[in-house]
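Peer 1: Listed below, chain by chain, are the residues.
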Amino acid sequence: MTTNQYDAIVIGGGHNGLVAAAYLARAGKKVVVLERRHIAGGAAVTEEIFPGYKFTEFSYVVSLLRPEIIRDLELPKHGLKILPLPSTVTPMENGDYLAAWDDHNLTRREIYRHSPKDAEAYDEYARVMARAAKAIKPIINLIPPDPTSLSMRDMLGLLKVGQFAANLSEKELYAVAKLATQSAADLLEEWFETDALKGTKAASGIIGTFLGPRSPGTAYVLLHHYMGEIDGAFRAWGFAKNGSGGVSGSILSAAESLGAEIRLNASVKQVKVKNDRAVGVILENGDELQSKVVMSAADPKRTFLQFVEGKHFPDEFVTSIQNFRTRGSSGKVNIALSELPNFTALPNEPALHRGAVSISPSIDYIERAYDDAKYGQISKRPYLDMIFPSMIDPDMAPPGQHVMSCFVQYAPYDLEGGWTDATRNTLGEAVISTIEQYAPNIRRAIVGMQVISPKDIEAIAGITGGNIFHGELLLHQIFFLRPTPQWADFRTPLKGYYFGAAGAHPGGGVMGAAGMLAAKEILKNGF
Amino acid sequence: MEKLRTTPFHERTSALCQPQNWRKWAGYFAAGSYEHTLDREYWAIRNSAALIDVSPLIKYVIKGKDAAALLHRVTTRDIHKMKVGQVAYTGWCDEEGKLIDDGTVTRLEESTFRLTAAEPNLRWLTMNAVGMDVKITEVTDDVAALSFQGPNTRKVLNIVAEKPVDELKYFRMMKNKINGVEVTISRTGYTGDLGYEIWMDAKDALPIWDKLMEVGSDYGIAPVGILAMDMARVEAGLFMLDVDYTSASHAWIEPQKSSPFELGLDWTVALDKPGYFVGRRALEREKREGSTWKMMGLEVDWVGMENIFKQVGLPPQIPGMAVRGSLPIFVGNVQVGYASTSTWSPVLKKYIALAHLQKPYFEIGMDVRMEITVEHHRQHAPAKVVKLPFYEPEWKKK
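Line order of the protein sequences matches chains A and B. Read left to right, the first sequence gives residues -2 to 524 (the numbering used here). Read left to right, the second sequence gives residues 29 to 426 (the numbering used here).
Bound-form chain B, shown alone (with noise of 0.2 Å):
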């Protein structure tokens, strides 16, 4: 009988996560956090290097001759514009252009691409390649990703990697060796800081993971769970399916299905890209016509909300991990929209939400109001409309 999954790192975090807090992640079992506050784990990525076991996430390699075609119909970006070594994320969706999933593009060779998923969508990139001289293989178990994120992380690298990775730049591929194994490094994640991501044979993961924790040692490397890089993925204005939208394929009613813009994905959108891809006409036709919704930033006022806690004698209370909860947000008595993941931000000191508003409240320096409970009652505490994301340290890009 199938079982739960343990990814191929299993052996050490399972060694290392002290509160047995494991969260399911596509099948698999994923450590929430390491430790029993967050705190140690989100600075990890802010301010050194943390090691987070990625592997759960769906990856496909598509291979052969019509390979870029493929992507660039399923996909909204101009897929025959990317260089082999290119990282792209994007997004693809329905023909009406509301958004299935989201993941990243890697031109591994010129033929030869790799795409994460959130979820399983080998069906619909198969619906898509009839008659494509193309093949699609889920690599998932196959190959172990761990993504490092944290200011260190270069220094880190520049020891265990047999080349450096100085001029590896942002959302570039290079292959590389670590212990002598050939290894794949891009520098990606989804932290909005410095960071790579390493793809490995899942054979190989044991020893690099134990290289990388011993090397790390010296540059304060923490291994990090799921919870802390949900804070940061915040802060980094970065959204979660399933958290912060619903995938057009699982919705239940119209509503509940986002576009692109919607998701202020507008970068990803090329429009100006030859030829057909899936969704195109709808977008197009959104882009004249401008979105009804937006995601922001929302940036709750610090001393409107400490007024209110005030009231009941109490300082404010938020919890210190994200909330993957809808909030509902308003103009006056009406209601314009919701944050779906809200969360402390650590470095920001301050209270943030990825908020869904409504035309014309998604306006930046619009001041809105989000539901907070204080002292099990409902109230409403002044918040300010931000554009994302909210934090990015300028080596971010560097």
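One chain only, chain A, in its complex shape (with noise of 0.2 Å):
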């Protein structure tokens, strides 16, 4: 029988808890991981919705998964390969397609068919921004220090800070300032004059936001996924062997050999206080367990208005949290497939699914995409981010067989008159014409479809309002403003009560930094 007394409880085994966990076990912590589902991952899971083919499910690239991590856990052990993803194929709506390859002469050439100045403004544009995702690189390690706070670490942190920015040229602290205040179209417009390389740029300002390319600040979450670029030898965006499932499943099996418990259909009910300290956690089964610390990998919401009575918190604080924004505006499609999509502007072109296929032809049709959803429609024709994860790792559908996987903007939370199996199959509908469009052959050529609303992310994977980061990267909602001002350092007003996921800092992704900071962050104040 096992005991229920531990050093740690960690809620929620997303590949956040799950690197938490492992950092905790391997500082020799008796840790125990309780996830409400049958399988650990929490939305970076692989299943097998249709026999023999393989869905990621939910999140589905992998950029920012932190090299540390992997390292310290020694997780390519336990599994992980990250595969590449290299291209990004755009087919326009007149039929021709825009390229970025991943060799930087071909790119150059094939922007150069389209506009000149653009090919080289490419490259100017791609290192400002690679300049400046450096300079802001290291704060992503830092535990955010509170500005208003005059404690010896946060000066030291503050200092910190302020030292690197003294670091940038003045060129680069503009460039900054700029990203911060710039919608991404305002940004993009200054840059190029190529309609589907701006859609194209313009849509990673917007994907997991409830914003339009046109709202100001998306220009800072453009700068978000660039963070993924900058690493030189450990390279940009990839496709996890088996998925975002292989991640969180590498992660599991390193806590395991550590020595971390995880039990499956644990939900949690509440965290037990005693003393105005968190002692442990009741589950919705009724069984208690004891420890000294408890962390929450579920989302702000989850974790500070549902486990925790809200006597235990402040009122200031309870209102922050719940003005947190988590809006939903995202889907997902995925797709077993008896042939690949066979896109009209490249046809029969193998590159072409190795890499990223993007329905973003402007930065009007995305905005437009946007409208409907602003008033609770699903995009009539959305922004689509499509991958063919069987044409990376082949194990991911039976020989010859194909799965694509289609990320879908917009598709709001809160959709006018709710969603039902008959909205899904508008959300799915809207895709599948969407694509047709480009490759017609995709009706015929599907076996089964999973429609994925953010209403399903969140009932599937418990993330409160289905936002993909678990809240809007948008400025208020960044940095030491993450998850609320002065509790962006994963401790939580609640002595003992940690909180370490995508709503903390430094957002989501699959970095695993939340989790991680979070564990360390215990570790340093002992118990």
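Check each hint, because a few of them may be wrong.
Straight-line distance between alpha carbons at most 30 Å, and here's what the computed DSS-like set of lysine-lysine pairs gives [what the hints assert, rightly or not]: (1) K93(B) <-> K114(A); (2) K168(A) <-> K231(B); (3) K114(A) <-> K231(B); (4) K114(A) <-> K31(B); (5) K415(B) <-> K197(B); (6) K387(B) <-> K114(A); (7) K91(B) <-> K301(B); (8) K168(A) <-> K387(B); (9) K78(A) <-> K31(B); (10) K114(A) <-> K91(B); (11) K131(A) <-> K52(B); (12) K315(B) <-> K168(A); (13) K114(A) <-> K52(B).
So the derived list for chain A, only partly shown, Cβ under 7 Å to chain B, looks like this [claimed, not checked]: (14) N102; (15) R106; (16) E107; (17) P113; (18) K114; (19) E117; (20) A118; (21) L302; (22) E346; (23) A348.
Quick caveat, the hints were computed from the structure, so don't treat them as lab data. Since the structure is predicted, the reported quantities are computational estimates derived from the model, not experimental observations. Every residue, glycine too, gets a C-beta built ideally from N, C-alpha and C.
Both chains come to you apart, so use the hints to assemble them.
Peer 2: Below you can see the structure in the form of structure tokens.
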């Protein structure tokens, strides 16, 4: 019989919870991870929804998974392989296409076809963004200092940020300041003239937000996505072997080998509080577990509004968490295919299927897709980011068969009329008919299809609002403001209760950083 | 889908390239060498006639009333002083006086120029041409180029070309015809030898190649790849973007950038020219205050190096081609610089390098040490700072 006494309890077996557990176990702590589903992984899971076809159900690419986590936890030993996803092709409405290939010169030639000026601006833009990302990156690994605090630690943290800002050239400083205030569209209009290029770049500024490319603040999100691109040898975007489930699978295996216990089907009802301190949890089935500390790797709303009674937190804190924006704006359509969609703009080109295909012909296209969502509708013509996992990892589908992952935005959480089977079908149909415009064989190739709405993300992965980042990456919700001012350092107003997930600094994207930093904070505080 | 491109000479060069050692050059395939060893190709440059396909060079035609004004503003040379038919080697800088790229400017006509560059510069040129009456066109694909280098090239061209080239002076250009086809011939090159560059319409490329090879066979002509050229250009003291310096627009950090003075291009910076040009103020300041770095020649002391190898029972082992890898340079135990390209010089029988040295170590005659690897151990070979170029035959400019 297992004892229910632990050093630390981690609520939620998503990748951040697993990372935290692995770090705590590595430090010799007795840790248990409580996962409400029958599988661990949270939003980083791979499931065989149709026999033989594996879907990387929610998250589907890796770029920001911290390399030190991979090294510290020896994840390659536990099966982690991040395979290259080298290109992006954007089919255009006029039948042509725009591509970014992995070779610099080929990409230059490709863009040159559309605009000689853009071909060079593309490189320069990438350098400016990479410099800004490089400049901001040290912050990712820094526990955010609270600028209003006078504690030694916060002062030192601020000093570090200040020092690093002082290292920026004036030009870089302006670039960063602009990025923090502009809309993605404004920024991109300054650089480029090719619509498909602007559309595709703008898309990464709206992913996971309930904003359009013309909304201020979206330029920062562009930068956030650039972070993955500057690790040099570590390299950019990738697709994990066995999908995102492969990422959490390897972390799970590492955590277990370090001695962490994982309990599946263990839904947490409440955090037990005694003498103003978290001392364990009560499960839905009535079981009670005791521990010295509890860390939540769930989203901020569950963490602070559901698991803990409001009376244990200051009112202001509760209000602030209530106001934390978690508007889900995207869905996912996973498709099992008998053949690959053949894009008329670039037919029979395997290089296309080995990379991403983006339906983002212009900024206007995406802004219009947003217009629908603003008023509670599914975008009639949504932005799509598609990959073909079976072309990257052949084990994702039976030989000769394929799977396709379509990230779709916008699909508002608060859909007018609500999410039902019928509206889910509407979303699926919007995706298929959009793809059909560019790859007419898609419909006949479908063997099976899974449509995931933000409501489904909430119901299955347990993320309130179904926001893929556990809360939008808006400027007022990042860095020392994430999830809320004064509590961005993974501690909470409740002693012994910690928070380490995408809703904490530095945010989402299968980074694992929040879980790692929270575990380090817990260990540093000692218990 | 875009593929790596081949040059207009590919039909010929691919048939001749025995080692199939293609290099990527600005999005094109370029032959590394045509033979399995570089000796014969190198000596074609220094002793007979080397035919080098340099079509991947990025080329712009700049045309219009303000063409001269634009180049005057962007580059460091006094463009207004250039006569039609004159070629000027130049760098161009950012506002901080750091080099972005380098190439040649040819005044084809009163208000038509050709600019060559290592990297695409259309955006930079366009940004500087606001309000000017000028049209900038990239002609990289449309204009094929052959670098024809070596002491016998004049003789071959005098047979091949309609007009003799005897009167064509160093860094001058002429319009001429080969096979009845119009070409421009400039007395330029990247080898420091007597040599010419022949510019032609891409569609005329093959017959011109054939004609040169046919006539040249009596004069020791050899198709030569970029590896042998790389050795010759070091001997000539000529540097290369992304090898010997980093473009100011690519650099991640300030110390990666170089000014024209630091690269020994003082003679190309016309501070006396009238009006504004990009980087002027910073360059004036550097001229006044002196540079903190300087690219110089470095000759490794053969006997000293021999002694180091002798200790492990070996004669000196150095690569038979130019090495594009940074080698630290020391005075005592203090690192005072680095060599960016080093090579064996077959004509001088010396091991030489392009060295970037900090003040005050860039004085001619300075004794320094360069890192070499001897049987997996790092050693410091004695070397001397020398003037560039290492090699300049009297016929280069005659």
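Peer 1: Indicate, hint by hint, whether the structure satisfies it.
Peer 2: Taking the hints in turn, this is what the structure says about them:
1. This hinted pair checks out: K93(B) and K114(A) have alpha carbons roughly 22 Å apart, not beyond 30 Å.
2. Between the alpha carbons of K168(A) and K231(B) the distance comes to roughly 45 Å, so the proposed pair goes past 30 Å and is violated.
3. A hinted pair counts as satisfied when its Cα atoms are at most 30 Å apart, and K114(A) with K231(B) qualifies at roughly 26 Å.
4. Of the pairs offered as hints, the one joining K114(A) and K31(B) holds, with about 20 Å between alpha carbons and a cut-off of 30 Å not exceeded.
5. Proximity of K415(B) to K197(B) is assessed by CA-CA distance (about 25 Å); at most 30 Å being required, the pair is judged to hold.
6. About 40 Å separates the Cα atoms of K387(B) and K114(A), which puts this hinted pair outside 30 Å; it is violated.
7. A C-alpha spacing of about 22 Å is found between K91(B) and K301(B), which places the hinted pair at or below 30 Å, so the restraint holds.
8. Restraint check for K168(A) and K387(B): satisfied, since their Cα atoms lie roughly 28 Å apart, inside the 30 Å limit.
9. Of the supplied pair hints, the one linking K78(A) and K31(B) holds, its CA atoms being roughly 29 Å apart against a limit of 30 Å.
10. Between K114(A) and K91(B), the direct Cα distance comes to roughly 18 Å. Compliance with the 30 Å bound is thereby established for this hinted pair.
11. Distance hint between K131(A) and K52(B) is fulfilled; the C-alpha atoms sit about 28 Å from each other, no more than 30 Å.
12. Simply put, K315(B) and K168(A) have alpha-carbon atoms about 25 Å apart, close enough for the 30 Å limit, and the pair holds.
13. For a cut-off of 30 Å, the pair hint linking K114(A) to K52(B) stands: about 22 Å separates their Cα positions.
14. Restraint check, N102(A) versus chain B: the minimum CB separation of about 3 Å is within 7 Å; hint holds.
15. Evaluation of the R106(A) hint against chain B yields a held restraint, the C-beta minimum of about 5 Å falling below 7 Å.
16. Proximity of E107(A) to chain B holds as hinted, the smallest CB-CB distance being about 5 Å (cut-off 7 Å).
17. With a cut of 7 Å, the hint placing P113(A) at the interface with chain B holds, because the nearest CB-to-CB distance is about 5 Å.
18. A least Cβ separation of about 6 Å between K114(A) and chain B falls short of the 7 Å threshold, and the interface hint therefore holds.
19. Given the 7 Å rule on beta carbons, the hint for E117(A) holds: about 4 Å separates it from the nearest Cβ of chain B.
20. The beta carbon of A118(A) comes within 6 Å of a beta carbon in chain B, closer than 7 Å, and the hint placing it at the interface holds.
21. Nearest Cβ of chain B to the Cβ of L302(A): about 44 Å, over the 7 Å cut. The hint is violated.
22. The beta carbon of E346(A) is positioned within 7 Å of a beta carbon in chain B (closest approach about 6 Å), and the interface hint is therefore held.
23. For A348(A), the shortest C-beta to C-beta distance to chain B is roughly 6 Å, which falls under 7 Å, so the interface hint holds.
Taken one by one, the earlier hints fail for this structure at numbers 2, 6, 21, listed in ascending order.
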